[in-house]
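Novice: If you want the building blocks of each chain, they are given just below.
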Amino acid sequence: MFRTKSLVAEIIRLVILLFAVSLLAFILITSAPIDPLTSYIGTESTLSPEARQEIASHWGLNDPLPQRFFTWLGNLFQGDMGMSITYKKPVAQVIGERFSMSIVLMLIAWVLSGIIGFLLGMACGKHENSVFDRIIKTIFLGLKSAPTYWLGLIILTVFAVLLGWFPIGMASPIGKAAEDVTIADRIYHLILPAFTLTIVSMGDVILYTRQKYIDIAKSDYVLYAKTRGETDRQITKRHILRNIALPAITLQFASFSELFGGMALAENVFSYPGIGTATTAAALNADVPLLLGISLVSAIFVFSGNLIANILYGVFDPRIREGKAHA
Amino acid sequence: MHKYHKKSRLLNRRVVLLITMIIAAVYLVGVFIWGCCLSEDAYGINFNEKFLAPSPEHWFGTDNLGRDMFFRSIKGLSISMIIGLISVGISSVIAIVMGILSAVFGGWVDKVVNFAIDLCMGLPHLVLLILISFMMGKGVMGITIAAAVTHWPSMTRMIRQEVLQVRNSQYVLAAYKMGRSRWQVAVKHIIPHILPVYFIGATLLFPHCIMHESAVTFLGFGLPKELPAIGVILSEAMTHIVTGKWWLAVFPGLMLLIAVIFFDLIGEGLKNLLNPQTGNE
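Which chain is which? The protein sequence lines are A and B, in order. Going by my numbering, the first sequence opens with residue 6, and the numbers climb by one from there. Going by my numbering, the second sequence opens with residue 1156, and the numbers climb by one from there.
What the hints contain is simulated information worked out from the structure, not anything from laboratory work. Accuracy of the hints is not assured; some may be wrong.
Claimed, not checked - DSS-like cross-link-like pairs, simulated, lysine-lysine; straight-line CA separation at most 27 Å: (1) Lys142/A with Lys94/A; (2) Lys1400/B with Lys149/A; (3) Lys1332/B with Lys1343/B; (4) Lys142/A with Lys1426/B; (5) Lys231/A with Lys149/A; (6) Lys223/A with Lys1426/B; (7) Lys1332/B with Lys217/A; (8) Lys131/A with Lys142/A; (9) Lys242/A with Lys231/A; (10) Lys149/A with Lys1426/B.
One chain only, chain A, in its complex shape (with noise of 0.2 Å):
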């Protein structure tokens, strides 16, 4: 009964912070020195002043700025996001084709950077201040003070151009038609960006896994296990194992908002098609429906991540549900 308490408190809590975020991007965006009506026509056109003021007035433009939020809010609730003048699109429509493109390319580098981190970690502080330890310590806290899209671009400089093993960019073979693209294309032109952005995520995982299984194996519980005569195997299972497993899904799930700008990074290096791309072409166009759009997609994804990292923690961990049930 207290879970499901604490649970739409939560809920409640990042409803009224998603409200509140949407607010702060959407006068960000307003308040820019950029007209979205000359952005929407150009600036070479020949419409009078009067046809400009009329369609401003059709806009919406000149209402003060609450109303303006409301209205797009409630156009929102109803589907329409309003039309992206860069793809001259509707915003929804891009973003949906957009946005499942990253997500795979979000998927398998998440996925990959947490189980091989989990395990390269778990290795590491096993064999604590070994060679093998050492060097990968060593190369994960580089890697880690590394900017994306310069390993990106390395990456690309040996793989794709002194190699040639892989294409430069792009999701497809440039000059075939879009319904000619096998799964293989896809994959071969997502291999890159996604182990970029897997070596990226990888570290944070890796030194905490690392840190926590050298801590644990210190503990006096797993001491005690060792005098019981539990061997290796069982107090890695049993204790390390168990104390380390939910900590570290919660950090990958709290690392959404890293995810997305590393994403953002690697896909704009890679010339990948996603909305990571999509957000610097509509900053750059100063397309304002599509920036909006693709900030609360954003904020949204940062917000299942953080939702669901809270409720792991409040209600997988044993200690912190019982502290709050006797609360």
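Given the coordinates of chain A, work out where chain B should sit on it, guided by the hints.
Specialist: Frame of chain A, contents of chain B only:
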């Protein structure tokens, strides 16, 4: 413990740490001053020397306009550092004020601060930076303000935590009992306690600011194309990478990477030195 006894007595970990920190500081300050004093001729356009590979004359090679990449990188890094300094300064002041306010006053102030933190972290950081930069009409001003007003949340949390700890300590409770006002306690007891945390936090914030600045610049929303910023250099490099001009991307990025690692090193080093448990080894 036995592990450390084996090592030479001449250089204990503290001395080694100090030496690496000094090397890092010399590198960073050196690049900064050199970059600031560098005249524009050093990386001027020279069409006779287009696309030269790295050589003793041009350490990092030259680009499509014959500009020396080594000097451009130095200049770029120093520009990044100036922006980093400004944004860290502003962000850390916001963080210290908000952190202390929320911890000392608690109640609704705490709630407001926490809400502001959640709000700031609600959008992906990169998207927020782009939006603010977009609002400010891009350029130097836009990216500096964007970096300055988005880097405080994590540090605010850190300072808030620290203040909460001091607030419940014996000597602070005693000060309240002796009739000191909240303001007096804040100035006399709390600020001296959190200053080390503040400096460590600010140092560790620096690489974040620089990285974000260069990323936003790389995407085209930060520093203008005329400035030799690392982000600009790398986005130019992207157009030449297909033809195998690898040095345009590798070295400038490496300079940035080293700077970021050195900043982290100094921050972590300060943390170890200022922490009494590890500082007296």
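Novice: All hints are to be evaluated individually against the structure, with a verdict given for each.
Specialist: Okay, the hints, checked on the actual structure:
no. : hint                     : verdict
1   : Lys142/A with Lys94/A    : violated, 47 Å
2   : Lys1400/B with Lys149/A  : holds, 25 Å
3   : Lys1332/B with Lys1343/B : holds, 15 Å
4   : Lys142/A with Lys1426/B  : holds, 20 Å
5   : Lys231/A with Lys149/A   : violated, 35 Å
6   : Lys223/A with Lys1426/B  : holds, 23 Å
7   : Lys1332/B with Lys217/A  : violated, 41 Å
8   : Lys131/A with Lys142/A   : holds, 13 Å
9   : Lys242/A with Lys231/A   : holds, 13 Å
10  : Lys149/A with Lys1426/B  : holds, 19 Å
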